[in-house]
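Student: From first to last, the protein sequence lines stand for chains D and R.
Take my numbering: the final residue in the first sequence is number 235, and no numbers are missing along the way.
Take my numbering: the final residue in the second sequence is number 272, and no numbers are missing along the way.
Think of the hints as simulated: they come from the structure by calculation, not from any bench.
Glycine is no exception: its CB is placed at the ideal position from the N, C-alpha and C atoms.
Just so you know, not all the hints are guaranteed correct.
[To be verified] The calculated DSBU-like cross-link candidates involving lysine-lysine, where the alpha carbons are at most 30 Å apart (straight line), are:
{"id": "1", "chain 1": "D", "residue 1": "K92", "chain 2": "R", "residue 2": "K122"}
{"id": "2", "chain 1": "D", "residue 1": "K102", "chain 2": "R", "residue 2": "K220"}
{"id": "3", "chain 1": "R", "residue 1": "K218", "chain 2": "D", "residue 2": "K102"}
{"id": "4", "chain 1": "D", "residue 1": "K51", "chain 2": "D", "residue 2": "K220"}
[Stated by the list, open to error] DEER-style ranges, computed between Cβ atoms:
{"id": "5", "chain 1": "R", "residue 1": "G240", "chain 2": "D", "residue 2": "F156", "range": "50 to 60 Å"}
{"id": "6", "chain 1": "D", "residue 1": "L52", "chain 2": "R", "residue 2": "N68", "range": "47 to 57 Å"}
{"id": "7", "chain 1": "D", "residue 1": "T12", "chain 2": "R", "residue 2": "D16", "range": "37 to 47 Å"}
{"id": "8", "chain 1": "D", "residue 1": "S154", "chain 2": "R", "residue 2": "Q47", "range": "53 to 63 Å"}
{"id": "9", "chain 1": "D", "residue 1": "R88", "chain 2": "R", "residue 2": "L160", "range": "32 to 42 Å"}
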Amino acid sequence: MGDSQYSFSLTTFSPSGKLVQIEHALTAVGSGQTSLGIKAANGVVIATEKKLPSILVDETSVQKIQTLTPNIGVVYSGMGPDFRVLVRKSRKQAQQYYRLYKETIPVTQLVRETAAVMQEFTQSGGVRPFGVSLLIAGYDDNGPQLYQVDPSGSYFSWKASAMGKNVSNAKTFLEKRYTEDMELDDAIHTAILTLKEGYEGQISSNNIEIGVIRSDREFKVLSPAEIKDFLEEVE
Amino acid sequence: MAGAMDLPAKGGFSFDLCRRNAMLAEKGLKMPGFRKTGTTIVGLVFQDGVVLGADTRATEGPIVADKNCEKIHFMAPNIYCCGAGTAADTEAVTDMVSSQLQLHRYATGRESRVVTALTLLKSHLFSYQGHVSAALVLGGVDVTGPHLHTVYPHGSTDTLPFATMGSGSLAAMSVFESKYKEGLTREEGIQLVSDAICAGIFNDLGSGSNVDVCVITKGKTEYLRNHQLPNPRTYVSSKGYSFTKGQTEVLSTKITQLKPKVEVTESDAMEE
Chain D
1 MGDSQYSFSL TTFSPSGKLV QIEHALTAVG SGQTSLGIKA ANGVVIATEK KLPSILVDET
61 SVQKIQTLTP NIGVVYSGMG PDFRVLVRKS RKQAQQYYRL YKETIPVTQL VRETAAVMQE
121 FTQSGGVRPF GVSLLIAGYD DNGPQLYQVD PSGSYFSWKA SAMGKNVSNA KTFLEKRYTE
181 DMELDDAIHT AILTLKEGYE GQISSNNIEI GVIRSDREFK VLSPAEIKDF LEEVE
Chain R
1 MAGAMDLPAK GGFSFDLCRR NAMLAEKGLK MPGFRKTGTT IVGLVFQDGV VLGADTRATE
61 GPIVADKNCE KIHFMAPNIY CCGAGTAADT EAVTDMVSSQ LQLHRYATGR ESRVVTALTL
121 LKSHLFSYQG HVSAALVLGG VDVTGPHLHT VYPHGSTDTL PFATMGSGSL AAMSVFESKY
181 KEGLTREEGI QLVSDAICAG IFNDLGSGSN VDVCVITKGK TEYLRNHQLP NPRTYVSSKG
241 YSFTKGQTEV LSTKITQLKP KVEVTESDAM EE
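Taking the hints into account, I'd like the entire structure generated from these sequences.
Tutor: Below, the structure is given as structure tokens:
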């Protein structure tokens, strides 16, 4: 792919100084299902809607929240297949880091390397940017952390963030509800309420996904039964 | 602006320097030696799973390089691997396969299987045509049951109920051949493995020091580091040694000043 005569970048500047392909990628993200993340004092929670195209789809076969390392998880808004590719690459990068330094990769390093991959695809020959924004949640020696990575490859650390269809309402809701010393269980309730705000229809334990990491540093995707308990507490 | 996808990995042994090395050897250059693990490593299958055992001596020719090294390597939470041969090779190959198994676990969402580790190891070793000097005893318990395999440097493998490798393998095997039976209990298994390793420790120069044991059963792994210490270090004197002045005859004395004298003179401060 890089060697052919026609390997020039497809992402080029417009006269106004914008990279239009990246803008379009962000539009693709913006029309994806809502996802959000909240950093609490003692952990991080990430959540997303899981709206399937038809009731005939087996919802247990779809898992939108993925584990990158035992202490880092990730969720996305945008194109699922692009997400799969990034998850695969990030997992490999984490393993390579471990092989090189015999240290489990810090959250910031993994975010940096994933963002570098996403940036590469905006400047390489014959490829298009990824149509996803990622929310990476992790817990390492620097405590709980939440990062958002965009198709351009830029990343920011957030106390709470949302992406996808309902981003502006969700962010407004989070701004009102967020407190610095929030406990993780409160954060999970807030996450559920935020998803509920923008949800078309009735949310249940089968059409949302929640991933949590506490001070035990083990990223876990909650089972439908566990989600049900939290839903009942919220109502 | 190279392509964003990685080039396919070029594996296998690179023969580029072989001609040069042969020419240098002809001219009389001695090839550098490497640390080998001498070693006695064993494994056996008992009624609930597998028990692995290893000694802890690493040798560099006739010298003991490490009196308490770890020869039982982690592959997966349910799979461990004992390594004999060149220490660097066993470390590197087990770390590499352990990393690959982790990625595979994430991709499949399942517990790793022993045959997967086995196949990854043997393919790698075969592609290096025996130049990666790693002789391994691989054991673990997965959904299909308990498994025990031996892997040879050239890439061949055996599947056995009990196995030994390393320079102490004959000493250990004699213990296994006389005492192994099917359906051993956990205590019997650990005792038999310790006996076999001790046979290696005491009868083989390349093996020594302590006994490490690892017990793997369905859902639980216990790594018993230094399960037995049959070679305790007895020190001559806890007070240490005293070398009083006068014990050594002084033949001549020469004193050289190392610190030259520094002169401080008053002068103007540097201009800004």
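Student: Would you mind marking each hint as holding or not holding in the structure?
Tutor: For each hint, the structure was consulted:
Note on K92/D and K122/R: the hinted pairing holds, with a Cα-Cα distance of about 22 Å set against a maximum of 30 Å. Annotation: proposed proximity of K102/D to K220/R holds, straight-line Cα distance about 24 Å (limit 30 Å). About 28 Å separates the Cα atoms of K218/R and K102/D, which keeps this hinted pair within 30 Å; it holds. At roughly 21 Å between alpha-carbon atoms, K51/D and K220/D fall within 30 Å of each other, so this suggested pair holds.
Judged by the Cβ atoms, the range 50 to 60 Å given for G240/R and F156/D holds: they are separated by roughly 59 Å. Remark: the range hint 47 to 57 Å for L52/D to N68/R is upheld by a beta-carbon distance near 56 Å. In this structure the supplied range 37 to 47 Å holds for T12/D paired with D16/R, their Cβ-Cβ distance being about 41 Å. About 58 Å separates the C-beta atoms of S154/D and Q47/R, a value consistent with the hinted range of 53 to 63 Å.
For R88/D paired with L160/R, a C-beta distance near 36 Å keeps the hint of 32 to 42 Å intact.
Going through the hint list in order, the structure satisfies each hint without exception.
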